[in-house]
Amino acid sequence: MPAYGVQAHGGTEGLVSHQIGHILFITGMIYMLYRVYQKHISGPGWFEFKGFLWFIILWNILTFSGHWMREIVDAERFIKNNAQVSAFIITDSFDAFFYLTRLDHLLLVPSFIFLHLALKKWSGTE
Amino acid sequence: MTVSWMPVILVDIIGSILTFIIAVFCVRASWRRLNQKTDDIFRQYIFLLTLSIVCFAISRSFGHLVKQILLLNEMTHWWNHISPFSGAVNSAIFIIIFAFGIYFHRVQKVHTEIEEYREGLESLVKDRTAQLKETNFALHNEIYERSKIENELRQANITLENVLDSSNPICITNIDYEIIRANKAYMDYWPGTGAKNGQPIKCYESRPGPNCHTDNCPLRQIVNGKDKVSIESQKFSSTKTEASTFILTARSFKNADGKLLGVVTSFQNITKRIKAENAKAELIDELQKALDRVHLLGGLLPICASCKKIRDDRGYWNQIETYIRDHSEAEFSHGICPDCAQELYPEFYEKVAKVVEDRKKPKKS
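The listed protein sequences derive, respectively, from chains A and B.
For the first sequence, the working numbering begins at 1 and goes up steadily by one.
For the second sequence, the working numbering begins at 127 and goes up steadily by one.
For the record, the hints were derived by calculation from the structure and aren't laboratory data.
Please note that a few of the clues may not be correct.
Heads up, simulated SDA-like pairs for lysine to any residue below, C-alpha to C-alpha not over 25 Å straight-line [unchecked claim]:
id	chain 1	residue 1	chain 2	residue 2
1	B	Lys163	A	Gly66
2	A	Lys50	B	Tyr229
3	B	Lys193	A	Gly66
Far from chain A, some chain B residues (derived; all Cβ distances over 12 Å) [what the hints assert, rightly or not]:
id	residue
4	Glu200
5	Phe226
6	Glu260
7	Lys274
8	Ile301
9	Gly318
10	Leu387
11	Arg399
12	Lys406
13	Leu427
14	Cys430
15	Arg440
16	Ile462
17	Gln468
18	Asp484
Cβ atoms here follow ideal geometry from the backbone N, Cα and C, with glycine treated the same way.
So that you can see chain A by itself, here it is in the shape it has in the complex:
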């Protein structure tokens, strides 16, 4: 009889927990953004902070999608050279979007730039 009381932690469970992490991350950031808009918080640095929140939310969505799509995308789409991916075959929009998800730093870096600008403005004006 299998020991149903024992729960294994293999397979995609790691991805699920990671994805839950992303969801929580998004939730936290969306809540912050909501409160900033609701309270009409304005002033030096808050525009940049809102920019940071938008970019980090978008990055989370992109990365979340990328993690999920990575499990679905066909392995034959990857052209490998000595076990290292050298090219990718795009056949439809799904493949194209997956390729874009690999370029997530295009959203992450600007988000941190906005965060840094917000912190600098707050330091300079208060």
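Using the hints provided, position chain B relative to the given structure of chain A.
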């Protein structure tokens, strides 16, 4: 369509490096901001939020760089071992960031309330300080005015002392007949006028006199409406052995509102003057009497044309010598005139005349 994977790798590597660097700057900026005001709760929150996000960024960037390095060096199996841990760390940090995110509003609200309370407190302190300054200023003015009034009072007191410091006894008596102030001259004449057992002495005890407890009492007269009373009164000194005569002048003593508080009494000792006046009166009397006697002799005297007898005011005829003797201080010494001597004693007259004539001639040297 086949696209190169190189952009992915390049973006991943460069993006990771940039993210790493910018994350470090973010921590620095947040730390600096916190140090500007360490008791600010929102700054503490932002610092911790930034720290958690930066931890995620560093962890992820590090993980991606390691991944690319391992994959480029065909060490995929190593990455397969490391990747769960890298992902797990990021997952854990996501949860922490989520927790910070949901507390954003609460912290922000508390911070706002604290700042409002602080502003209110500062405003209150400012108002109180302004009030205190105003009160202080008013107090300074009051102290200045009080000092001024005290100086004026002191000066008035000194003036009063100087005014009271007269050779004439002066005292101030209240409407209860109590002596409340007396100058030195008064104390010299009537010592013991100071308070007894804490109670001021009554005026009629200090200097009893004939007007005490009568309607002639100056204080009673002034209480009844007079403004000034001036009377002559005899008062005994403290030894009660001699009485002196004073002109007692009493004036009403009122407060600033015009309410009668008592009398100011001055005593002018006129004993010597009285004595002098009495002596003068006696002298005048004597002179008058003498003048009366001289006047009788100066009037019309009825005299006999023959015998030269004078008739007095009783009707009797008196010898002239008798009359003059009785009505003046004159006395008579009897002699004989030359005419009567020649008539009555002719033989002696010729001898005497010759002697007198010889005496008149100048002597030959």
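Tested hints:
1. B:Lys163 - A:Gly66: Between Lys163 (chain B) and Gly66 (chain A) the Cα gap is close to 41 Å, so the pair fails against 25 Å, i.e. violated.
2. A:Lys50 - B:Tyr229: Holds, at about 17 Å.
3. B:Lys193 - A:Gly66: 17 Å, holds
4. Glu200: Check fails; 6 Å does not lie beyond 12 Å.
5. Phe226: The assertion about Phe226 (chain B) is violated, with a minimum of 7 Å to chain A.
6. Glu260: Holds, because the least Cβ-Cβ distance between Glu260 (chain B) and chain A comes to about 33 Å, which exceeds 12 Å.
7. Lys274: 52 Å, holds
8. Ile301: Ile301 (chain B) clear of chain A: closest Cβ-Cβ about 77 Å, beyond 12 Å.
9. Gly318: Since the minimum Cβ distance to chain A is about 84 Å, Gly318 (chain B) lies beyond 12 Å and the statement holds.
10. Leu387: 71 Å, holds
11. Arg399: The claim stands: Arg399 (chain B) keeps its Cβ more than 12 Å from every Cβ of chain A (closest is about 98 Å).
12. Lys406: 107 Å, holds
13. Leu427: 138 Å, holds
14. Cys430: Holds, since 149 Å exceeds 12 Å.
15. Arg440: 140 Å, holds
16. Ile462: Ile462 (chain B) clear of chain A: closest Cβ-Cβ about 153 Å, beyond 12 Å.
17. Gln468: 159 Å, holds
18. Asp484: Non-interface label on Asp484 (chain B) holds, nearest chain A Cβ at 157 Å vs cutoff 12 Å.
When each numbered hint is compared with the structure, violations occur for hints 1, 4, 5.
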